[in-house]
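Number of protein chains: 2
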Amino acid sequence: MPRNGEAVRKRLQWSALELFRDRGYEQTTAAEIAARAGVTERTFFRHFADKRDVLFDGEAEFSEALTAAISNAHAALGPWETLLVAFDSVKQMFVANRPFTEPRHRVIAAAPALQERAMAKSRALVAAVTSALCKRGIAEPDANLVAWMGMAASSYGVAAWFKDSSTDLGEHMRRAFQLASRLAQPNATQARTKAKSSETGTRGRKPRTRPAS
Amino acid sequence: MPRNGEAVRKRLQWSALELFRDRGYEQTTAAEIAARAGVTERTFFRHFADKRDVLFDGEAEFSEALTAAISNAHAALGPWETLLVAFDSVKQMFVANRPFTEPRHRVIAAAPALQERAMAKSRALVAAVTSALCKRGIAEPDANLVAWMGMAASSYGVAAWFKDSSTDLGEHMRRAFQLASRLAQPNATQARTKAKSSETGTRGRKPRTRPAS
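Residue numbers (the working numbering), protein chains in the order written: chain A, 2 to 214; chain B, 2 to 214.
Hints were generated in silico from the structure; no laboratory data involved. Certain hints may be false.
Given that identical chains are not distinguished, each listed pair holds provided it fits within a single copy or across any two copies.
Capping the alpha-carbon separation at 30 Å, the derived lysine-lysine pairs in DSBU-like fashion look like this [to be verified]:
no.	residue 1	residue 2
1	K164	K136
2	K92	K136
3	K92	K164
4	K122	K164
5	K11	K136
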């Protein structure tokens, strides 16, 4: 059984993910996760603060990469393009982590305690993005607003990519940002109807019950 | 000491708010809140599930009013205008609750446990808004995306109103939605520079360190 740090850490994460998926989050203990990974409960708590945290490793690394990309974006870019460029530049992290994050997505959706932790992580990421945008000369409340909107667009892009992997994540992300731009407009209905063919996530859409304005 | 439900509930909320503000959230117990309100700890827990919940009363009522306004918005309105109209139509609730929500804002900002609960409440509100938008014929992922963006815009509007009460909340909300529309565009920097004079929250802005694109 490998006792070296990184390998044990990974085994604990995968063991947790599998147990949460198969038995449910509430029904799984840290001791059971440790046992499945072939280590003691004490080792579990050397790696993670609690049972929830085992699913959220690597968030700091992601946040650092994303904020560095925001800082390095071309100075002429406005905040919205900056965010798109930044998310695009870290897409390899999404791709590399997908085997873990895709099943995690479903595990989180099924457990309110994990949703709460996921929201706290999103909030921390928005704070980091806000701070990086402020350094580009955007006022703090504006930076926070656009950070939340960009985060919502990127989540949409990732979810669309999970559903349809035949298209590259970068392309899903670009479409999600375009869709978000259109949706955040007073004439969004009209814009959407016109631009329908170029959108992601249009399959399975409910029929419109009212005419476009 | 009034023992009737609604009055006791209000006293507990105000007692909690004052204690959290003066001593800090972590340093205050449910028993102390109850004592300050002149009731027993048991009465506290008849009204609230835990110490955090005492600050988040009335969220269900707000959610119902907001989603009803979304359903009742003119059928020709797109999702963005629908959200603005809906937030505008519930502005009296913000006004009526401001004596409580404004100091609460600062108390929440100082306590991570309260931030986590506030985020969970926002998430529930976004889910309710998403569902109401879906009933208007918007696809679920799109509705969720625009709901998050609208929520971010409305938070901006309320924060701006807390800072500058000489302008009506409805006007702050309208400006926040306009700002959000501009920020979620590829040419946001340019748009912002042009429209600067009509914006909220521009005071205290950091100087731009780079030219508009």
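Let me make sure I understand: some of the numbered hints might not hold for this structure. Which ones are they, in numerical order? Hint check: 5 fails alone, others pass.
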